[in-house]
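With the hints as extra help, turn the sequences into a complete structure.
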Amino acid sequence: MIRFIAIRLIGAVVVVWIVSVVTFLIFQAVPLLSHTNPVYFYTGKVPFKPGSPQLLALEHRFGFDLPLYAQYWHYLSGILFGQTITDGVSTPIPCSAPCFGYSFRQNELVGTLILRAAPVSLSLTIGAAILWLIGGVTVGTVSALKPRSAIDRIGMGGSLAAVSLPIFFTGPILLLIFEYTLGWLPDVSYAPLTQDPAQWLRSMILPWISLAFLFAALYARLTRSNMMETMGEDYIRTARAKGLAPRTVVVKHGLRAALTPIVTIFGIDVGTLIGSTVITETVFNLRGLGYLSIQAINQQDLPVILGVTVVAAVALVLANFVVDVIYAFIDPRVAL
Amino acid sequence: MTSVASDPRAASSRPGGPFLSVEDLRVHFPTDDGLVKSVDGVSFEVDRGQILGIVGESGSGKSVTAQALLGLHKGSKARITGHIWLDGVDLVPASENDMREVRGSEIAMIFQDPLSSLHPFYTIGDQISEAYRVHNKVSARDARKRSVEMLEKVGIPNASRRYDDYPHQFSGGMRQRAMIAMALICEPKLLIADEPTTALDVTVQAQILQLIKDMRNELNSAVILITHDLGVVAETCDQVLVMYGGQCVEKGPVEELFDKPEMPYTWGLLSSMPRMDRVRQTRLTPIPGSPPSLIQVPKGCVFNPRCRFSDRVEGDRCFTVHPDLLPTSPRHEVRCHIDPEERRQILLTEIRPNL
Numbered sequence: 001m002i003r004f005i006a007i008r009l010i011g012a013v014v015v016v017w018i019v020s021v022v023t024f025l026i027f028q029a030v031p032l033l034s035h036t037n038p039v040y041f042y043t044g045k046v047p048f049k050p051g052s053p054q055l056l057a058l059e060h061r062f063g064f065d066l067p068l069y070a071q072y073w074h075y076l077s078g079i080l081f082g083q084t085i086t087d088g089v090s091t092p093i094p095c096s097a098p099c100f101g102y103s104f105r106q107n108e109l110v111g112t113l114i115l116r117a118a119p120v121s122l123s124l125t126i127g128a129a130i131l132w133l134i135g136g137v138t139v140g141t142v143s144a145l146k147p148r149s150a151i152d153r154i155g156m157g158g159s160l161a162a163v164s165l166p167i168f169f170t171g172p173i174l175l176l177i178f179e180y181t182l183g184w185l186p187d188v189s190y191a192p193l194t195q196d197p198a199q200w201l202r203s204m205i206l207p208w209i210s211l212a213f214l215f216a217a218l219y220a221r222l223t224r225s226n227m228m229e230t231m232g233e234d235y236i237r238t239a240r241a242k243g244l245a246p247r248t249v250v251v252k253h254g255l256r257a258a259l260t261p262i263v264t265i266f267g268i269d270v271g272t273l274i275g276s277t278v279i280t281e282t283v284f285n286l287r288g289l290g291y292l293s294i295q296a297i298n299q300q301d302l303p304v305i306l307g308v309t310v311v312a313a314v315a316l317v318l319a320n321f322v323v324d325v326i327y328a329f330i331d332p333r334v335a336l
Numbered sequence: 001m002t003s004v005a006s007d008p009r010a011a012s013s014r015p016g017g018p019f020l021s022v023e024d025l026r027v028h029f030p031t032d033d034g035l036v037k038s039v040d041g042v043s044f045e046v047d048r049g050q051i052l053g054i055v056g057e058s059g060s061g062k063s064v065t066a067q068a069l070l071g072l073h074k075g076s077k078a079r080i081t082g083h084i085w086l087d088g089v090d091l092v093p094a095s096e097n098d099m100r101e102v103r104g105s106e107i108a109m110i111f112q113d114p115l116s117s118l119h120p121f122y123t124i125g126d127q128i129s130e131a132y133r134v135h136n137k138v139s140a141r142d143a144r145k146r147s148v149e150m151l152e153k154v155g156i157p158n159a160s161r162r163y164d165d166y167p168h169q170f171s172g173g174m175r176q177r178a179m180i181a182m183a184l185i186c187e188p189k190l191l192i193a194d195e196p197t198t199a200l201d202v203t204v205q206a207q208i209l210q211l212i213k214d215m216r217n218e219l220n221s222a223v224i225l226i227t228h229d230l231g232v233v234a235e236t237c238d239q240v241l242v243m244y245g246g247q248c249v250e251k252g253p254v255e256e257l258f259d260k261p262e263m264p265y266t267w268g269l270l271s272s273m274p275r276m277d278r279v280r281q282t283r284l285t286p287i288p289g290s291p292p293s294l295i296q297v298p299k300g301c302v303f304n305p306r307c308r309f310s311d312r313v314e315g316d317r318c319f320t321v322h323p324d325l326l327p328t329s330p331r332h333e334v335r336c337h338i339d340p341e342e343r344r345q346i347l348l349t350e351i352r353p354n355l
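In the order they appear, the protein sequences are chains A and B. Numbered by my numbering, the letters in the first sequence go through residues 1 to 336 in order. Numbered by my numbering, the letters in the second sequence go through residues 1 to 355 in order.
Any given hint could be a false lead.
Pair ranges (Cβ atoms, derived) [stated by the list, open to error]:
#1 B/Gly-172 with A/Ala-161: 24 to 32 Å
#2 B/Glu-342 with A/Arg-153: 43 to 51 Å
#3 B/Ser-290 with A/Gly-158: 38 to 46 Å
#4 A/Val-14 with B/Asn-136: 37 to 45 Å
#5 A/Ile-134 with B/Asn-217: 34 to 42 Å
#6 B/Asn-217 with A/Asp-234: 57 to 65 Å
Here are the simulated DSS-like cross-link-like pairs (lysine-lysine), alpha carbons at most 30 Å apart as the crow flies [claimed, not checked]:
#7 B/Lys-153 with A/Lys-45
#8 B/Lys-145 with A/Lys-252
#9 B/Lys-153 with B/Lys-189
#10 A/Lys-252 with B/Lys-299
#11 B/Lys-145 with B/Lys-74
#12 B/Lys-213 with B/Lys-260
#13 A/Lys-252 with B/Lys-137
#14 A/Lys-252 with B/Lys-260
#15 A/Lys-146 with B/Lys-77
#16 B/Lys-74 with B/Lys-153
#17 A/Lys-252 with B/Lys-189
#18 B/Lys-213 with B/Lys-77
#19 A/Lys-146 with B/Lys-213
#20 B/Lys-145 with B/Lys-77
#21 A/Lys-146 with A/Lys-252
Hint data in this document are derived by calculation from the structure and do not stem from the laboratory. Ideal Cβ positions, reconstructed from N, Cα and C, are used throughout, including at glycine.
What follows is the structure in structure tokens.
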């Protein structure tokens with residue numbers, strides 16, 4: 001078990017490292033290919049004439065005159081050990097590990113921006129994930145047990161509709177109904193869970209529903225097909241032949257096996273969503289990681305883009321690692 | 001243990017008679033292509049301590065018959081008619097709830113492929129204990145003790161340690177032993193073994209059959225052994241029922257059926273079986289053609305498209321009239337239009353020399 005976890009952990013670290021190298025190189029290539037001075041992507045302007053000694057000094061200050069590997073090491077050592085940010089004029093800003101650099105556009109450390117946005121993304125993704133898992137699995141199971149029945153047709157028809165409806169459609173509709181028409185949720189501005197749980201819940205409930213709606217539909221279809229396959233397995237016949245109650249047969253013997261592959265997909269979905277709920281965030285005016293990255297892209301704020309990309313990759317790798325470990329517990333055939 | 005006989009909800013009961021008596025059992029499945037008559041009027045009896053073999057090709061209705069006995073078709077679209085008298089109680093009209101009481105405790109079943117029939121995510125021991133605890137109110141510890149005993153009884157070494165193993169950690173033969181332990185843990189009065197040795201290699205087959213016989217002796221259970229392997233039947237069974245196209249075409253005591261078979265299909269089965277006690281022939285004789293569609297069953301005798309002897313019957317009765325299952329000797333019944341005298345003659349002159 002420990003060996004298994006250790007191997008997976010080493011694998012996860014290697015993947016994160018590769019992601020950091022690749023993203024770093026890509027973002028190095030952007031200034032090069034667009035013939036733009038890299039200083040522009042950090043400060044939003046090139047204040048001196050090309051070739052002037054002031055610009056060269058600035059490039060030197062940012063380290064753009066160093067070879068690529070040295071620049072990468074500078075970036076990596078910042079993440080690992082922290083560094084001190086200085087533009088040579090203002091007071092140097094200490095930036096402890098993991099330091100993703102400084103956004104001159106927003107005048108804040110990238111780490112601070114991410115730390116402010118991450119709880120929003122986490123709240124949104126995890127809450128929605130719980131909702132869609134429960135909803136999707138329930139609808140899928142009920143449909144699978146009575147294939148072709150009215151309830152199956154309603155469930156599957158509904159989920160087809162839900163898959164087809166984008167969040168920028170369902171979101172505003174929900175807002176229209178619950179906020180503007182019924183007035184049940186008059187103020188949906190975000191508050192952190194730790195400060196005001198009630199307001200946090202109020203602000204999250206509609207985003208959860210609209211995000212979960214889409215995914216619940218996918219999970220319902222997935223659960224249905226897995227469950228139908230499982231219920232045709234020989235061991236289900238054995239369970240019935242033992243005289244077990246239908247409920248035990250379905251839940252303990254059927255769902256247990258049908259849900260195992262869904263765990264994998266669930267992990268990947270949650271990991272991916274943490275950095276990419278930008279549409280939901282935009283519709284509901286939430287400032288999560290998706291919003292942060294879109295804002296950074298619009299402003300061509302390279303340090304922020306780089307930081308969010310690495311953090312999102314870490315989230316995905318971490319989610320996959322957790323799934324691997326969970327999988328080893330729920331499927332005894334996985335070699336430990 | 002719940003007894004069906006004492007259950008007031010049981011629709012009908014009939015004291016006396018053989019332990020298990022199946023009368024005119026029909027299992028029909030309505031499908032988009034038509035009505036599939038998987039089992040079409042099968043009758044047989046088994047007493048406690050007896051082993052009945054049901055033989056036939058794939059798709060002849062053997063397994064469907066077995067699953068009908070357990071009521072496993074309840075809740076599906078299958079239409080089941082006839083009677084299944086178990087200890088004087090008819091199981092055909094019984095509700096799913098009543099059948100659940102019967103499954104495992106009165107009738108237990110073991111299946112063909114023990115790997116796919118065991119749940120991959122639960123330990124062998126958990127699955128056996130579960131079978132015990134459905135029908136007995138005991139603590140988890142007592143159930144474990146009982147399961148370990150049962151595993152020892154079916155010949156699993158280190159049973160108390162292997163209790164916690166998963167099915168994939170068992171060998172094929174051991175898995176089938178575990179399945180047998182699971183089936184017998186509530187001491188059922190009827191054990192149905194659906195091709196219990198088909199997925200196992202030959203050396204293990206003999207051990208499993210011996211185990212089934214031993215357990216039959218110990219519990220005095222009635223056993224139904226479903227197989228397509230006539231060797232298994234000859235070795236194990238007291239009575240044999242040959243099924244073809246969802247119908248019983250011949251049945252009788254095992255010695256008589258092997259010694260004096262009278263139905264052309266049985267002849268075909270015997271001719272296609274390798275035998276050690278006869279002079280070696282150059283080739284085994286296969287039965288030409290393939291089993292009939294259970295939707296479009298041939299008119300007349302179900303076996304007529306593949307029968308070499310239909311010219312021995314006057315006119316075209318084989319193709320127009322469905323033959324009845326008629327006694328040819330006190331305990332031997334045959335479904336064939338050929339005159340009994342002529343059948344015996346064909347057996348002596350044309351069939352036996354080539355067996």
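Hint check results:
{"no.": "1", "hint": "B/Gly-172 with A/Ala-161: 24 to 32 Å", "result": "violated, 48 Å"}
{"no.": "2", "hint": "B/Glu-342 with A/Arg-153: 43 to 51 Å", "result": "violated, 59 Å"}
{"no.": "3", "hint": "B/Ser-290 with A/Gly-158: 38 to 46 Å", "result": "holds, 45 Å"}
{"no.": "4", "hint": "A/Val-14 with B/Asn-136: 37 to 45 Å", "result": "violated, 53 Å"}
{"no.": "5", "hint": "A/Ile-134 with B/Asn-217: 34 to 42 Å", "result": "violated, 52 Å"}
{"no.": "6", "hint": "B/Asn-217 with A/Asp-234: 57 to 65 Å", "result": "violated, 28 Å"}
{"no.": "7", "hint": "B/Lys-153 with A/Lys-45", "result": "violated, 84 Å"}
{"no.": "8", "hint": "B/Lys-145 with A/Lys-252", "result": "holds, 23 Å"}
{"no.": "9", "hint": "B/Lys-153 with B/Lys-189", "result": "holds, 18 Å"}
{"no.": "10", "hint": "A/Lys-252 with B/Lys-299", "result": "violated, 47 Å"}
{"no.": "11", "hint": "B/Lys-145 with B/Lys-74", "result": "violated, 33 Å"}
{"no.": "12", "hint": "B/Lys-213 with B/Lys-260", "result": "holds, 25 Å"}
{"no.": "13", "hint": "A/Lys-252 with B/Lys-137", "result": "holds, 19 Å"}
{"no.": "14", "hint": "A/Lys-252 with B/Lys-260", "result": "violated, 51 Å"}
{"no.": "15", "hint": "A/Lys-146 with B/Lys-77", "result": "holds, 12 Å"}
{"no.": "16", "hint": "B/Lys-74 with B/Lys-153", "result": "violated, 33 Å"}
{"no.": "17", "hint": "A/Lys-252 with B/Lys-189", "result": "holds, 27 Å"}
{"no.": "18", "hint": "B/Lys-213 with B/Lys-77", "result": "violated, 35 Å"}
{"no.": "19", "hint": "A/Lys-146 with B/Lys-213", "result": "violated, 41 Å"}
{"no.": "20", "hint": "B/Lys-145 with B/Lys-77", "result": "violated, 40 Å"}
{"no.": "21", "hint": "A/Lys-146 with A/Lys-252", "result": "holds, 18 Å"}
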